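Novice: Protein sequence lines, in the order shown, are assigned to chains X and Y.
Taking this note's numbering, the leading residue of the first sequence gets 1, the next gets one more, and so forth.
Taking this note's numbering, the leading residue of the second sequence gets 1, the next gets one more, and so forth.
Treat each hint with caution, since some may be false.
Here are the simulated DSBU-like cross-link-like pairs (lysine-lysine), alpha carbons at most 35 Å apart as the crow flies [unchecked claim]: (1) Y:Lys254 x Y:Lys89; (2) X:Lys18 x X:Lys28; (3) X:Lys18 x Y:Lys334; (4) X:Lys90 x Y:Lys199; (5) Y:Lys12 x Y:Lys399; (6) Y:Lys334 x Y:Lys254; (7) Y:Lys12 x Y:Lys254; (8) X:Lys90 x X:Lys28; (9) Y:Lys89 x Y:Lys199; (10) X:Lys90 x Y:Lys399; (11) X:Lys18 x Y:Lys399; (12) Y:Lys89 x Y:Lys12; (13) X:Lys90 x Y:Lys334; (14) X:Lys28 x Y:Lys199; (15) X:Lys90 x X:Lys18.
Just so you know, these hints were derived from the structure itself, not from any lab.
Predicted model, so just to flag it, every value in this text is computed and none were measured.
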Amino acid sequence: MTNNMLIEARDLTRSYQKEGTAGVQALKGVSLEIREGEFVAVIGASGSGKSTLMNLLGCLDRPTSGSVILDGTEVSLLDEDALAEVRSRKLGFVFQSFHLLPRTSAMENVQLPLLYTDAPDLEAPARSALEIVGFPEDRFDHHPGELSGGQQQRVAIARALVNDPEIVFADEPTGNLDSASSQEIMELFTELNRRGRTVVVVTHDAEVARYARRIVSVQDGRIVSDEAGSGPATTEVTS
Amino acid sequence: MTTGRLLGQALKGLTRYRLRTFFMMAGIMVGITVLTVVLSAGMGARERIMERVRVFGLENLMVWAGGPTDQTRTGPGLGGGSTVTATLKLEDAQAISDQVAHVRDVAPFAREGQMEVQWRDRSFTSPVFGITPEWQDVWDWPVDRGSFITAEDNASMARVAAIGPTVIRELFGEEEDPLGQVIQVAGIPFQITGVLGEKGTSAGGGDMDNRVFVPLNTYLRRVANQDYLTGIRVQVEDIREMESVSADITALLKERHGIAPGTPQDFRITTPTEVTAMVEEMQGTFDLFLILVAGIALVVGGVVVANIMLLSVGERRGEIGLRMAVGARARHIKRQFLLESAAVAFFGGIGGIVLGMAGNVVMERITETPALFTWHVLAAGLLFSTVVGILAGLHPARKAAALTPVDALRS
Numbered sequence: 001m002t003n004n005m006l007i008e009a010r011d012l013t014r015s016y017q018k019e020g021t022a023g024v025q026a027l028k029g030v031s032l033e034i035r036e037g038e039f040v041a042v043i044g045a046s047g048s049g050k051s052t053l054m055n056l057l058g059c060l061d062r063p064t065s066g067s068v069i070l071d072g073t074e075v076s077l078l079d080e081d082a083l084a085e086v087r088s089r090k091l092g093f094v095f096q097s098f099h100l101l102p103r104t105s106a107m108e109n110v111q112l113p114l115l116y117t118d119a120p121d122l123e124a125p126a127r128s129a130l131e132i133v134g135f136p137e138d139r140f141d142h143h144p145g146e147l148s149g150g151q152q153q154r155v156a157i158a159r160a161l162v163n164d165p166e167i168v169f170a171d172e173p174t175g176n177l178d179s180a181s182s183q184e185i186m187e188l189f190t191e192l193n194r195r196g197r198t199v200v201v202v203t204h205d206a207e208v209a210r211y212a213r214r215i216v217s218v219q220d221g222r223i224v225s226d227e228a229g230s231g232p233a234t235t236e237v238t239s
Numbered sequence: 001m002t003t004g005r006l007l008g009q010a011l012k013g014l015t016r017y018r019l020r021t022f023f024m025m026a027g028i029m030v031g032i033t034v035l036t037v038v039l040s041a042g043m044g045a046r047e048r049i050m051e052r053v054r055v056f057g058l059e060n061l062m063v064w065a066g067g068p069t070d071q072t073r074t075g076p077g078l079g080g081g082s083t084v085t086a087t088l089k090l091e092d093a094q095a096i097s098d099q100v101a102h103v104r105d106v107a108p109f110a111r112e113g114q115m116e117v118q119w120r121d122r123s124f125t126s127p128v129f130g131i132t133p134e135w136q137d138v139w140d141w142p143v144d145r146g147s148f149i150t151a152e153d154n155a156s157m158a159r160v161a162a163i164g165p166t167v168i169r170e171l172f173g174e175e176e177d178p179l180g181q182v183i184q185v186a187g188i189p190f191q192i193t194g195v196l197g198e199k200g201t202s203a204g205g206g207d208m209d210n211r212v213f214v215p216l217n218t219y220l221r222r223v224a225n226q227d228y229l230t231g232i233r234v235q236v237e238d239i240r241e242m243e244s245v246s247a248d249i250t251a252l253l254k255e256r257h258g259i260a261p262g263t264p265q266d267f268r269i270t271t272p273t274e275v276t277a278m279v280e281e282m283q284g285t286f287d288l289f290l291i292l293v294a295g296i297a298l299v300v301g302g303v304v305v306a307n308i309m310l311l312s313v314g315e316r317r318g319e320i321g322l323r324m325a326v327g328a329r330a331r332h333i334k335r336q337f338l339l340e341s342a343a344v345a346f347f348g349g350i351g352g353i354v355l356g357m358a359g360n361v362v363m364e365r366i367t368e369t370p371a372l373f374t375w376h377v378l379a380a381g382l383l384f385s386t387v388v389g390i391l392a393g394l395h396p397a398r399k400a401a402a403l404t405p406v407d408a409l410r411s
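Turn these sequences into a full structure, and let the hints guide you.
Specialist: The structure is reproduced here in structure tokens:
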């Protein structure tokens with residue numbers, strides 16, 4: 001039995017046209033399918049187009065041509081508000097630089113996505129998300145400046161999970177972390193995936209990609225390989 | 001997302017960048033402080049004008065002997081003073097009373113500058129008025145003890161006087177009871193039959209309590225030896241009839257005095273509207289200048305807020321991108337920044353109002369004119385600060401909302 005198709009990208013291209021310069025084609029026709037429960041690493045060198053790909057799959061950007069069908073909806077046709085709605089309901093993001101609000105408690109940072117939904121309760125989902133990522137309860141009130149890099153990234157991951165998204169996208173999630181913290185964070189993603197969460201990690205680091213069960217290599221705007229990784233076998237999600 | 005939650009985010013945004021918030025608030029505070037002081041001074045001046053017009057009496061007009069171009073007039077701004085125009089007669093007052101509609105009371109009077117008033121060895125220089133009993137009604141003149149000039153006093157040309165508190169203080173001090181005493185007015189003995197209450201300051205700014213009132217007939221025959229009046233005070237039945245009564249009296253007197261169209265009148269009429277205009281003119285034009293200063297200060301405050309908000313949007317691109325990534329619509333971003341700038345200006349406005357109230361105390365010391373802080377001033381301060389905040393926030397907020405998530409996150 002195969003899991004449901006979550007993302008179906010067809011012939012994606014993305015060009016950046018800056019005034020007075022020749023256009024740069026960051027993606028040159030990429031097709032990719034991601035199913036529920038997968039743990040995919042998109043690996044490539046800087047400038048390979050991997051981040052562009054993530055932005056398109058994550059509805060943060062629109063393709064120049066091609067289509068992205070997310071959970072049955074053709075998202076490249078949606079307007080900005082509808083895209084924001086999709087991001088709000090179905091997607092979670094983790095960034096290399098954490099992007100936590102300064103001078104704002106871990107708890108409130110995690111609550112942020114809930115503000116843009118009609119969730120009546122902010123506290124309980126945030127608390128449970130922080131517990132899932134193993135963030136110590138005695139630091140719920142701490143500001144990012146009072147936390148280590150690894151802890152900050154845990155808060156960011158909790159924030160990505162708080163809306164119970166279909167997919168979590170992580171763009172170089174270990175890029176600002178030491179190797180011990182990196183390992184912890186990747187083990188956390190592995191654990192999330194083991195519990196059924198679909199995870200897409202974008203990285204240049206083969207060590208990081210090693211945790212995924214499927215590795216998609218991007219080079220020069222194209223997918224050059226798509227093979228099984230060394231992570232544990234894909235979980236069958238029954239839902 | 002509810003406005004309440006957005007406002008919460010805006011306020012948290014402000015507390016997160018305290019120095020920036022402080023500078024924005026300070027910018028608005030300066031403008032609102034100036035505005036508060038200016039408006040309070042304006043309200044104080046307005047109140048004084050209203051007070052004077054109230055003293056003049058909203059339901060009254062004055063007919064003065066002497067035309068608008070009569071150079072012999074020497075009295076204060078409102079036209080009291082002396083005049084040699086001898087054409088306004090008691091019969092004119094009677095004609096107004098008989099022939100002009102909507103007139104409630106007519107009080108003719110005569111006065112000729114200041115006169116020497118003596119009691120024993122003390123003397124005082126006082127404006128002496130010859131009046132009729134109607135004078136009390138049209139002025140609502142308070143009487144402390146005794147009685148006002150009566151109709152019998154006037155008919156019998158009695159040598160009686162009703163005198164104001166200033167005169168009593170000057171002539172009798174505290175110890176002697178003035179009632180029944182005999183004073184000399186221009187050398188003629190008058191018995192005091194009425195002690196008047198406080199009347200305060202006249203519309204022209206003079207003391208109204210330094211006056212000596214005697215019966216009009218007594219004044220005309222025994223004191224001044226004349227047959228003409230200084231003026232006639234007319235009370236209308238309804239304020240709305242003021243202009244028509246004024247026009248009717250003008251027409252009547254022109255006819256009675258045989259004034260041909262196009263030739264100067266030998267009388268003039270003062271209505272409360274004119275009193276207002278006259279007193280306002282006396283207040284000077286510096287209010288307009290100060291309002292201009294307050295306006296400029298507010299604009300400068302707005303520019304400060306706009307610039308710092310713009311800077312803030314630039315520095316908080318990451319935050320904006322993140323908010324968009326986790327589901328914020330462009331309108332949420334726009335409203336958040338608008339609310340931030342409106343809220344910072346609102347609080348700056350409150351600070352400005354408080355500072356302005358302190359400024360009022362200082363200004364009162366310096367200018368020696370009372371400032372009046374009313375709810376109008378409070379409302380204007382809050383309204384103007386918030387409006388300036390919203391206007392200043394429009395461009396930065398639009399700029400923030402126009403960012404795409406990818407561009408915003410890239411910073």
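Novice: Each hint should be assessed against the structure and marked as holding or not.
Specialist: These are the hints, each one checked on the structure:
no., hint, in the structure
1, Y:Lys254 x Y:Lys89, "holds (13 Å)"
2, X:Lys18 x X:Lys28, "holds (17 Å)"
3, X:Lys18 x Y:Lys334, "holds (27 Å)"
4, X:Lys90 x Y:Lys199, "violated (80 Å)"
5, Y:Lys12 x Y:Lys399, "holds (20 Å)"
6, Y:Lys334 x Y:Lys254, "violated (70 Å)"
7, Y:Lys12 x Y:Lys254, "violated (75 Å)"
8, X:Lys90 x X:Lys28, "holds (26 Å)"
9, Y:Lys89 x Y:Lys199, "holds (27 Å)"
10, X:Lys90 x Y:Lys399, "holds (27 Å)"
11, X:Lys18 x Y:Lys399, "holds (20 Å)"
12, Y:Lys89 x Y:Lys12, "violated (78 Å)"
13, X:Lys90 x Y:Lys334, "holds (23 Å)"
14, X:Lys28 x Y:Lys199, "violated (95 Å)"
15, X:Lys90 x X:Lys18, "holds (32 Å)"
Hints 4, 6, 7, 12 and 14, counting from the list given before, are not met by this structure.
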